[in-house]
Each structure stands twice: as C-alpha cells, then as structure tokens.
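There are 2 protein chains.
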Amino acid sequence: MPETTRILLASRPEGRPAPNNFRTETAALPEPGEGEALLKIRYLSLDPYMRGRMSAAKSYAAPVEVGAVMEGGTVAEVVESRDPSLKPGDMVLSYSGWQSHAIAEAKHVRKLNLERAPVTTALGVLGMPGFTAWAGLLTLGKPKQGETVVVAAATGPVGSAVGQIARIKGARAVGIAGGEKKCRALTEEFGFDAAIDHRSDNFAEELAAACPDGIDVYFENVGGAVFEAVLPLLNSFARIPVCGLVAQYNATGPSEGPDRLPGLMRAVLTKSLTIRGFIQTEFAEKMPEFLKEMGPWIAEGRVRYREDIVEGLERAPEAFIGLLEGKNFGKLIVKVS
Amino acid sequence: MPETTRILLASRPEGRPAPNNFRTETAALPEPGEGEALLKIRYLSLDPYMRGRMSAAKSYAAPVEVGAVMEGGTVAEVVESRDPSLKPGDMVLSYSGWQSHAIAEAKHVRKLNLERAPVTTALGVLGMPGFTAWAGLLTLGKPKQGETVVVAAATGPVGSAVGQIARIKGARAVGIAGGEKKCRALTEEFGFDAAIDHRSDNFAEELAAACPDGIDVYFENVGGAVFEAVLPLLNSFARIPVCGLVAQYNATGPSEGPDRLPGLMRAVLTKSLTIRGFIQTEFAEKMPEFLKEMGPWIAEGRVRYREDIVEGLERAPEAFIGLLEGKNFGKLIVKVS
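Residue numbers (this note's numbering), protein chains in the order written: chain A, 34 to 370; chain B, 34 to 370.
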C-alpha cells in the first residue's frame with residue numbers, strides 16, 4: 034500500500050496562524066482506481082489565498098475542514114497510472130495539497146512540457162500567480178501607453194508579473210515592496226521604473242513623488258496602508274483590480290475607526306473609479322492565450338521571475354506563516370521531494 | 034436694461050446648509066451680444082449634486098465661488114435673441130442657475146420640443162436625472178432578465194427611472210424610500226416589485242426578505258446606512274454604479290469607527306464585485322439614443338415620473354435644504370415665473 038505524509042489543518046487560527054494550527058501525519062493511500070494515478074509530489078506552492086481557506090468565514094471557495102489536508106497546487110511525478118493519458122515519470126500540475134503522495138484523477142491534472150520551462154514555473158510565473166497578473170491587469174486594469182501602473186508585493190509572483198507586463202504594454206510600472214533589497218530587485222532585476230519601500234517613514238510622500246502623473250491602474254493584492262497612500266493619487270477613471278488583501282487576512286475583528294468607507298466612496302464618485310474584485314478562475318478560458326503570450330516573454334527575458342524554494346514539506350507551515358508577513362522573496366515553493 | 038433677481042452663495046455651509054448660506058440680490062444684466070439671447074427663467078431644477086458645488090472640496094466640477102450665482106439647470110423662454118437659431122417665445126434648456134433672467138450663448142442652450150412632453154421633463158425624466166438613470170443602469174449596471182436591481186431614493190427622479198427601466202429589461206426592481214406614502218407610490222405608481230422603508234427599525238431584515246435571490250445590481254445614489262444593508266446581500270459579480278452619495282454630502286469630517294473599508298474590500302474580493310463611480314457627462318454622446326428610447330417609454334406609460342413643484346425662486350434655498358433630507362416627493366423643481 035502506498036503511504037503519504039501530509040499536513041492537516043489542526044485548528045482554525047485566530048489572527049496570525051501558528052505552528053500548532055497544523056498537524057503532520059502519515060497515512061495509507063488506496064491503490065489508484067480506474068482513470069486515476071498515484072503521484073509523488075515534487076513541489077508544493079504556498080500562496081496567500083490559503084489563509085482564507087484556514088478560516089470558516091464565507092469566501093469564494095469552501096474552507097478546508099479541520100482535520101483535512103491543507104489545500105494547494107503541486108507539481109508531481111506520476112508513479113503509477115491507471116489512465117492511458119499518463120505514464121510513470123510524467124510530470125504533472127495537480128491540486129494535491131500539502132503532502133508527499135496523492136491519488137489524483139487523470140482528468141484533473143495537466144501534463145507539463147519539460148522542455149518549455151522549469152517545472153516550478155507551473156506554480157508561479159506560468160501558473161496561477163502569473164495568470165492572475167496577466168488576466169487581471171489586461172482584462173480589468175487595461176493599462177494604456179504612458180499610463181502609470183502601481184502594484185504592491187511587487188517582488189512576489191503576481192506583483193512582479195504585473196509590473197513587467199505593464200511595461201510591455203507601454204505603461205510606467207511603480208512597484209512597492211518591503212526593504213531595500215527587494216526594492217533594488219524591482220528596478221535592477223524586474224525593470225520597474227520606480228520602487229518604493231512601504232516600510233519607509235515617508236512612504237506616502239515617496240509614492241506620490243514616484244507617480245508625478247498620478248495613478249491610472251492600482252493592482253490591489255495587499256490592502257491596508259498601501260491602499261490608503263494610493264487613494265489620493267488615483268486619476269479620474271482609474272481602475273483597481275482586486276485579487277488579494279494579504280495585509281488584512283490575519284485581522285480578527287472590526288478595524289478601529291475612523292471609518293474610511295465614506296471617503297472611499299467619495300473618491301469612487303468624484304473620480305469615476307472602477308474597483309473590481311476577481312479570482313483568476315473567472316478567466317479560465319483564457320489560459321491557453323496566456324501560456325502562448327507569457328511563454329515567449331519569459332524565453333526572451335522580457336518577463337523575469339524569482340523563486341524562493343524551501344526544502345522539505347515539514348517546513349511548509351513556517352514558510353507559510355512567513356509569507357503572510359512578506360518574509361519570502363519571490364514565488365514561495367516547498368521542495369517536497 | 035434687463036434685470037435679474039438671483040440667489041448667490043453667501044458662504045460655504047459647514048454640514049447641513051442653512052438659509053444664511055444664500056443671499057438674494059437684484060442686478061442689471063448686459064444687453065445680449067452677438068450669438069446670445071436674453072432668457073426669462075421659467076423653471077429651475079434642484080438636485081443633490083449642488084451640495085457639492087457649495088463646498089470648496091475637490092470634486093469632478095469646480096465649486097461655486099462665494100458671491101457667485103448658484104448653479105443649476107433651467108427651462109427658460111427666449112425674450113430677445115441675437116442669434117438666428119433662437120427667436121422670442123422659444124423654450125430652451127439652459128444652465129442659467131438660480132435666477133429670474135439670464136444672458137446665454139445660443140450654442141449652449143437646447144431648444145425644447147413642446148409637443149413631445151411637458152417642458153419640465155427636460156429637467157427630470159427626459160433630462161439629466163433620467164439620463165443618469167438610463168446610462169448608469171444600462172451601461173454599468175447591465176441588469177439581466179430575472180436579476181434583482183435595488184435602488185434607494187427610489188421615488189426621486191433618478192431612482193424611479195432606474196427601477197422602471199430595470200423592469201423593462203426584465204429584472205426585478207426593489208426600491209427604498211422614506212415613509213409609507215413614498216413606498217406605496219413605488220409599487221402602485223412606479224410598478225416596483227417591492228418597496229422598503231429605510232426608516233423601519235427592521236430595515237436590513239426587510240430588505241433581505243425582499244431580495245430572496247440576493248442583489249445583482251445596486252444603483253448607488255445615497256450611501257450611508259442603505260449601502261450597509263445592501264452589502265451582505267450582493268451576489269457574486271454584482272455591479273454597483275455610484276452616481277451620488279446624498280446621505281453623506283452634509284458630513285463635516287471623518288466618520289466614527291469601526292472602519293468599514295476592510296469589510297468592503299473583502300466583499301469586493303470574495304464576491305468579485307464591481308464598484309464604478311460615474312457622472313452622466315461621461316456618456317454625453319449617448320444622449321440622442323436616450324431621448325429616442327425614453328420618449329416612447331414615457332408616451333406609452335412604461336416609465337412614469339412625478340414632479341414636486343415649488344412656487345417662487347425665493348423658496349429655492351428652503352426647498353434645496355429639504356431635498357438633502359428627502360423631504361421632496363419626485364423631481365424637485367422651482368417654478369420661477
């Protein structure tokens with residue numbers, strides 16, 4: 034019988050997740066049935082949205098049940114297959130969660146082309162985060178030549194792609210990140226026009242100085258203080274695609290006043306703003322178009338990416354807790370085996 | 034020399050406007066020059082946006098200067114003309130403000146067709162408010178057959194048109210208004226599917242009960258407590274066109290906490306909401322299409338309207354102050370002469 038080592042949700046966190054919200058166990062897996070395959074997980078993707086799944090609050094997806102395996106995207110190797118489309122040794126993208134092995138239905142995995150790009154990119158720049166950036170920016174943000182696009186968590190897999198795609202479309206890209214090292218990477222490695230450190234005492238002033246023509250697109254994946262500084266700089270008809278709010282995922286209750294909602298609505302009205310939440314699954318039918326466009330951009334070096342690879346499944350909880358505090362530098366991936 | 038009696042902005046209000054924020058004077062007008070006409074104002078439109086013009090705060094339009102004539106749309110009769118396109122006796126739509134007479138450039142007025150509808154409709158259902166409803170609902174709200182559309186200030190000129198157009202498009206219309214009389218008019222006169230009194234102690238529960246399938250379009254022209262009750266009822270992919278926030282126009286400073294902005298952004302994200310501010314001028318090129326569609330709807334009785342006509346320019350300040358508190362019933366118009 035195959036076995037899996039897996040990390041379960043042990044309890045729901047109050048605020049910041051702690052190591053004791055997770056529990057590791059080893060369990061037997063059934064043999065793969067007709068149309069299924071046994072997978073050995075190679076890489077596990079860690080992403081901010083997982084914080085939402087740990088809570089019971091209503092969201093776009095059902096929460097992970099207490100006692101269930103933590104969810105997540107994975108790159109895996111086929112060990113045994115009972116489906117003609119897969120054979121041992123194939124590398125696939127699957128949604129197998131935080132574990133070492135899994136049984137998957139062949140129709141729910143996607144075979145990866147090993148010649149095109151390193152397999153880990155299927156979890157980052159050529160996967161969900163890259164697609165989120167591409168679809169959200171181009172479909173909702175619609176940056177035009179010469180406009181200014183601002184994105185936070187800008188060295189992350191979504192933010193770095195947003196800025197680089199904005200530049201390909203002729204817009205000016207201003208990135209926000211935490212710390213000097215990340216900010217340097219934004220301009221030197223990812224080609225952003227300007228980088229602002231959100232830890233700076235003069236963050237709002239520095240952002241304003243970096244956006245002399247105002248902001249036309251704010252790609253919101255963070256929330257919190259950054260949004261506050263962005264709001265007064267938004268131009269008329271600015272677009273704000275919202276794909277994440279990592280800065281508030283650990284919030285435990287109503288925030289203290291003053292109430293900023295009336296001010297936001299006033300800005301929406303007087304500047305004809307568009308605020309639009311989205312989840313990348315909404316654009317699923319555009320995935321082939323994305324791969325066709327993004328693949329060459331990466332091959333030509335027009336879109337660069339950075340990965341932060343942590344060794345060992347047992348380190349996933351600690352790495353995930355750090356992710357929510359911006360400790361990673363690039364797409365956070367756990368090398369499982 | 035022609036004369037005009039006019040109402041000026043005497044001082045900027047702090048919060049709720051008071052009669053002493055206005056001042057009346059009589060002044061001489063110049064003779065009309067080449068391409069101009071002397072107008073005798075018949076009707077003055079009073080609208081919530083005028084509250085914004087009384088303040089110095091940045092908005093989509095410049096504020097009225099202290100000592101200047103209060104702005105506003107008017108229906109006027111041509112008394113004397115020095116332009117071939119206008120002759121004495123013509124009725125025109127002009128933007129002449131709170132006064133009895135005015136000089137206007139012929140190219141800035143629109144001649145009204147007296148046979149089509151009463152001239153006052155050019156200030157309401159066939160004018161700026163009706164156009165705001167039509168353009169905002171159809172271009173941004175995009176109600177589909179069977180969806181639920183909610184609008185507040187629903188007996189007002191914008192709200193009543195929103196609900197009736199929503200029904201023409203096959204949607205369910207739920208209106209919110211203050212008091213039993215207005216609520217009755219919503220269902221009996223304007224054909225809304227349901228009407229909710231925002232003064233009710235159980236307002237939020239009653240709104241929820243009136244929207245068993247949730248809310249797909251919330252046409253925001255009020256803000257405040259109504260928005261609060263709407264938010265939890267919004268369906269995924271709901272659209273929120275924002276054309277006004279009358280409930281907060283008299284606010285004098287930051288609102289007390291808790292801070293509702295994080296909750297709003299969470300809803301935007303998890304429900305893929307679209308919030309979109311707009312001013313009807315954005316859609317100006319659609320005005321002919323609007324008149325072509327709305328005219329027959331009115332003629333056929335498919336869109337009804339109600340006017341609240343106050344006699345005498347001197348009553349404009351009092352009527353306007355009441356408007357901000359929902360005291361009018363239908364499109365508020367001052368009969369100037």
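One should not assume that every hint holds.
For chains that are exact copies, the list does not tell them apart, and a pair is met inside one copy or across any two.
[Unchecked claim] Pairs of lysine-lysine residues, derived as DSSO-like cross-links and limited to a Cα-Cα distance of at most 30 Å, are as follows:
#, residue 1, residue 2
1, LYS140, LYS304
2, LYS144, LYS325
3, LYS304, LYS360
4, LYS368, LYS202
5, LYS120, LYS360
6, LYS214, LYS91
7, LYS177, LYS73
8, LYS91, LYS177
9, LYS319, LYS144
10, LYS202, LYS120
Calculated directly from the structure, the hints in this document are not laboratory data.
### Hint check, failures only
4, 5, 6, 7, 10
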